[in-house]
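Residue numbers (our numbering), protein chains in the order written: chain S, 3 to 215; chain Z, 60 to 532.
Some clues are possibly wrong.
Unchecked claim - Using 25 Å as the maximum straight-line C-alpha spacing, the simulated SDA-like pairs for lysine to any residue come out as follows:
| no. | chain 1 | residue 1 | chain 2 | residue 2 |
| --- | --- | --- | --- | --- |
| 1 | S | Lys60 | Z | Thr87 |
| 2 | S | Lys171 | Z | Glu327 |
| 3 | S | Lys19 | Z | Glu327 |
| 4 | S | Lys19 | Z | Ala98 |
| 5 | Z | Lys441 | Z | Glu327 |
| 6 | S | Lys60 | Z | Ala98 |
| 7 | S | Lys89 | Z | Leu344 |
| 8 | S | Lys19 | Z | Gly364 |
| 9 | Z | Lys94 | S | Ile198 |
| 10 | S | Lys19 | Z | Leu227 |
| 11 | Z | Lys94 | S | Glu42 |
| 12 | S | Lys171 | Z | Leu425 |
| 13 | S | Lys60 | Z | Lys88 |
| 14 | Z | Lys113 | S | Glu42 |
| 15 | S | Lys172 | Z | Ala98 |
| 16 | S | Lys19 | Z | Lys68 |
| 17 | S | Lys89 | Z | Asn247 |
| 18 | S | Lys171 | Z | Phe125 |
| 19 | Z | Lys68 | Z | Leu425 |
| 20 | Z | Lys441 | S | Ser17 |
Claimed, not checked - Covered by chain Z, per the in silico footprint, the following chain S stretches (three or more residues, Cβ under 8 Å):
| no. | segment |
| --- | --- |
| 21 | 65 to 76 |
| 22 | 79 to 93 |
Since the hints were derived computationally from the structure, they do not count as laboratory data. Just so you know, these numbers come straight off a predicted model, no measurement behind them. Glycine included, every Cβ here is placed at the ideal spot set by N, Cα and C.
Here is what each chain is made of, one letter per residue.
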Amino acid sequence: MMSTRDLIFTQIRQSLKRPELDENARQQLESRIASPPVFERPAVGADLTTKFFYQLEKVVGTHDTISTLTDLPFAILEFLQQHQLPKELVVDRSFQPLSWPPRLSINYRAAQANDVTSITQAFAGIAETGSVVLISSPASPTTLNFLPENHLVVLKQVDLVAHIEEVWKKLRLQAMPRTVNFITGPSRTADIEQTIQLGAHGPRRLHLILVKK
Amino acid sequence: MQSTTHQFKTKAVAALNNEQLQRALKRTKGHFIDKRRAAVDALPEFDSLRQRAKEIKEHTLAHLDFYLERFETQVQAQGGQVHWAQTPQQARAQILQICQAAQAKRVTKGKSMVSEEINLNSALEAAGIEVTETDLGEYIIQLAKEPPSHIIAPAVHKSRDEVADLFLAHHQQYGLTQRLSEIPQLVNEARQVLRAKFLTADVGITGANFLIAETGSTVIVTNEGNGDLTNTLPRVHIVVAGIEKMVPTLEEVTTLLRILARSATGQEITSYTTFSTGKKRPDDLDGPQEFHVVLIDNGRSTWLGNEFHEMLRCIRCGACMNHCPVYSSIGGHAYGWVYPGPMGSVLTPLLLGLSTTRDLPNASTLCGRCEAVCPLLIPLPKLLRYLRIKEYRAHLMPAKTRFLLSIWAFYAKHPRLYHFFASRKMRWLAHWGRKRGAFRYLPFAGNWTATRDLPAPQGETFISQWQQRQEHP
Ligand code: SF4
Numbered sequence: 003m004m005s006t007r008d009l010i011f012t013q014i015r016q017s018l019k020r021p022e023l024d025e026n027a028r029q030q031l032e033s034r035i036a037s038p039p040v041f042e043r044p045a046v047g048a049d050l051t052t053k054f055f056y057q058l059e060k061v062v063g064t065h066d067t068i069s070t071l072t073d074l075p076f077a078i079l080e081f082l083q084q085h086q087l088p089k090e091l092v093v094d095r096s097f098q099p100l101s102w103p104p105r106l107s108i109n110y111r112a113a114q115a116n117d118v119t120s121i122t123q124a125f126a127g128i129a130e131t132g133s134v135v136l137i138s139s140p141a142s143p144t145t146l147n148f149l150p151e152n153h154l155v156v157l158k159q160v161d162l163v164a165h166i167e168e169v170w171k172k173l174r175l176q177a178m179p180r181t182v183n184f185i186t187g188p189s190r191t192a193d194i195e196q197t198i199q200l201g202a203h204g205p206r207r208l209h210l211i212l213v214k215k
Numbered sequence: 060m061q062s063t064t065h066q067f068k069t070k071a072v073a074a075l076n077n078e079q080l081q082r083a084l085k086r087t088k089g090h091f092i093d094k095r096r097a098a099v100d101a102l103p104e105f106d107s108l109r110q111r112a113k114e115i116k117e118h119t120l121a122h123l124d125f126y127l128e129r130f131e132t133q134v135q136a137q138g139g140q141v142h143w144a145q146t147p148q149q150a151r152a153q154i155l156q157i158c159q160a161a162q163a164k165r166v167t168k169g170k171s172m173v174s175e176e177i178n179l180n181s182a183l184e185a186a187g188i189e190v191t192e193t194d195l196g197e198y199i200i201q202l203a204k205e206p207p208s209h210i211i212a213p214a215v216h217k218s219r220d221e222v223a224d225l226f227l228a229h230h231q232q233y234g235l236t237q238r239l240s241e242i243p244q245l246v247n248e249a250r251q252v253l254r255a256k257f258l259t260a261d262v263g264i265t266g267a268n269f270l271i272a273e274t275g276s277t278v279i280v281t282n283e284g285n286g287d288l289t290n291t292l293p294r295v296h297i298v299v300a301g302i303e304k305m306v307p308t309l310e311e312v313t314t315l316l317r318i319l320a321r322s323a324t325g326q327e328i329t330s331y332t333t334f335s336t337g338k339k340r341p342d343d344l345d346g347p348q349e350f351h352v353v354l355i356d357n358g359r360s361t362w363l364g365n366e367f368h369e370m371l372r373c374i375r376c377g378a379c380m381n382h383c384p385v386y387s388s389i390g391g392h393a394y395g396w397v398y399p400g401p402m403g404s405v406l407t408p409l410l411l412g413l414s415t416t417r418d419l420p421n422a423s424t425l426c427g428r429c430e431a432v433c434p435l436l437i438p439l440p441k442l443l444r445y446l447r448i449k450e451y452r453a454h455l456m457p458a459k460t461r462f463l464l465s466i467w468a469f470y471a472k473h474p475r476l477y478h479f480f481a482s483r484k485m486r487w488l489a490h491w492g493r494k495r496g497a498f499r500y501l502p503f504a505g506n507w508t509a510t511r512d513l514p515a516p517q518g519e520t521f522i523s524q525w526q527q528r529q530e531h532p
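Start from the sequences, fold in the hints, and give me the full structure.
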């Protein structure tokens, strides 16, 4: 008896009025995948940072710029003070080498139900859309991006790209992570009377910290 | 869900007389249309991207067997499993089996139209599993025990007052004592209740906007983040998707993403676009231990290459219903099943058969606005016409309609006779309608004139006017 899978493939080929593709045709499709067609992209302009911030502000993201990574703990402290948040953080492990002030309680782990603020490192930022790209890894668990109410994302200037396609180029240099998250502003819903409301299920605030160097 | 499409006419009339629904429809209509317009105007490349999107989908469909196989291999390489279902029954059984093997008591779900198509929730509930929809709109209609009335805004027909009543009725078990009336309070209430569900769910089920053959990834787009909590927190992640969701590469998905959000909500991109590839990696600190993709055919493979082929390009953006004068007048529920609006009037008869759904392709003036806004350039009016032809051939039309149509067809095939009678009729109607300028009632067309007036013609047919112009330019 044919399996369901075989039945589906048989029907597809019958509908397409051809047998299974031969080796040659398969090779052609494989090389198409290896160098995929790239189509029209929205204009971004020469100044990526300006465009990126403009797009981020449109989706109610906030941002801050620091010159080097050593300034990061201070920028974070300022954010916590400004919003009167507890001095407790869940943090991407790649920031462990920084010298964190003892006032801050820092945890390197997956996020839990009561975590209020998380700090993650962006794999890339996209000027076209104002998105940050976060990829899952042992250092950067996906829950950091969704459970806490305040999500702070650190983006290095060199990782800011013009278009989405450049993220793929960069991503192909490594193994595919379990999750790739494009995040564009805080969580929102318009499901009640078409009225936009922030903080539906994910973070209520998305704050970006751009590191110049 | 069970279809009530055979009651379309009664339900449509009830919808027209439902004041609360009419208010909701009015509130929504301009909203979607204006936002899409602004987003499209801001992207000069939009129309060429639509053409590209169509080409991408056509290329994929022409090689669907290859891409499906490649997708399967990639999912397996990342520790995931692919399951194949030809029918809704098979899909339900497979998903139930995965849940039972994981000893699941609680399931959270992201929004998935195909899961409604296969009637998944009731099957899981019948097996004693608690199922919670986590998209706010889906959650609201789950509490109300109603089907979605829009594919991207499922509770668009509900007012804040109705949501307030629903929450008061259902959330007392979670400690709600007061009726909440403001939208921020209501959203927050849902956030608290659903957060507890996310954290204790055993299995998370999501749909997929796209499947990527290159990487074996499944893609979801959301604004709330509910899909991400669903696919990250539980031990098991199940993706349900129709086989037509396939796209070859990340680059091509990018092109489709650029037109999807703009067409749906007028956003350039949604808050969250997530690519899930396989199960948790060995050293990861979170993520599901099992990753399953259930691929559903449900007749789709038989549409490949036939007259309904183009419907397989649909990316479920909802633009066609947002711009449809029929949908805007009666809302989604009158359509009686999962998919409303123009795309539903094509899909529902294809999925359920014409005998109970024949009203849908006929409930259209074929005005063409759906085709004009469809990002995948799907000729919806043409597909509706094909369904009407099918209906006629299958003798599903009432005898009276068939009889009158055959008389009309006879004259239409004999142009001289047609013209002779048409011009007589024009003159007659013009004469009788001269005073009021319109007819309130016409013999044999009482049903039609019961809700509208027919403007009186000028007295000449188009052909005779044309001939006169040719003679006296
Ligand atoms: S038919 Fe076109 S407009 Fe309608 S939902 Fe599908 S893709 Fe969108």
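Hint by hint, here is what the structure shows:
{"no.": "1", "hint": "S:Lys60 <-> Z:Thr87", "in the structure": "holds, 22 Å"}
{"no.": "2", "hint": "S:Lys171 <-> Z:Glu327", "in the structure": "holds, 22 Å"}
{"no.": "3", "hint": "S:Lys19 <-> Z:Glu327", "in the structure": "violated, 39 Å"}
{"no.": "4", "hint": "S:Lys19 <-> Z:Ala98", "in the structure": "violated, 40 Å"}
{"no.": "5", "hint": "Z:Lys441 <-> Z:Glu327", "in the structure": "violated, 30 Å"}
{"no.": "6", "hint": "S:Lys60 <-> Z:Ala98", "in the structure": "holds, 13 Å"}
{"no.": "7", "hint": "S:Lys89 <-> Z:Leu344", "in the structure": "holds, 23 Å"}
{"no.": "8", "hint": "S:Lys19 <-> Z:Gly364", "in the structure": "holds, 8 Å"}
{"no.": "9", "hint": "Z:Lys94 <-> S:Ile198", "in the structure": "holds, 13 Å"}
{"no.": "10", "hint": "S:Lys19 <-> Z:Leu227", "in the structure": "violated, 57 Å"}
{"no.": "11", "hint": "Z:Lys94 <-> S:Glu42", "in the structure": "holds, 22 Å"}
{"no.": "12", "hint": "S:Lys171 <-> Z:Leu425", "in the structure": "violated, 44 Å"}
{"no.": "13", "hint": "S:Lys60 <-> Z:Lys88", "in the structure": "holds, 23 Å"}
{"no.": "14", "hint": "Z:Lys113 <-> S:Glu42", "in the structure": "holds, 14 Å"}
{"no.": "15", "hint": "S:Lys172 <-> Z:Ala98", "in the structure": "violated, 28 Å"}
{"no.": "16", "hint": "S:Lys19 <-> Z:Lys68", "in the structure": "violated, 39 Å"}
{"no.": "17", "hint": "S:Lys89 <-> Z:Asn247", "in the structure": "holds, 24 Å"}
{"no.": "18", "hint": "S:Lys171 <-> Z:Phe125", "in the structure": "holds, 24 Å"}
{"no.": "19", "hint": "Z:Lys68 <-> Z:Leu425", "in the structure": "holds, 18 Å"}
{"no.": "20", "hint": "Z:Lys441 <-> S:Ser17", "in the structure": "holds, 21 Å"}
{"no.": "21", "hint": "65 to 76", "in the structure": "violated (count 0)"}
{"no.": "22", "hint": "79 to 93", "in the structure": "violated (count 0)"}
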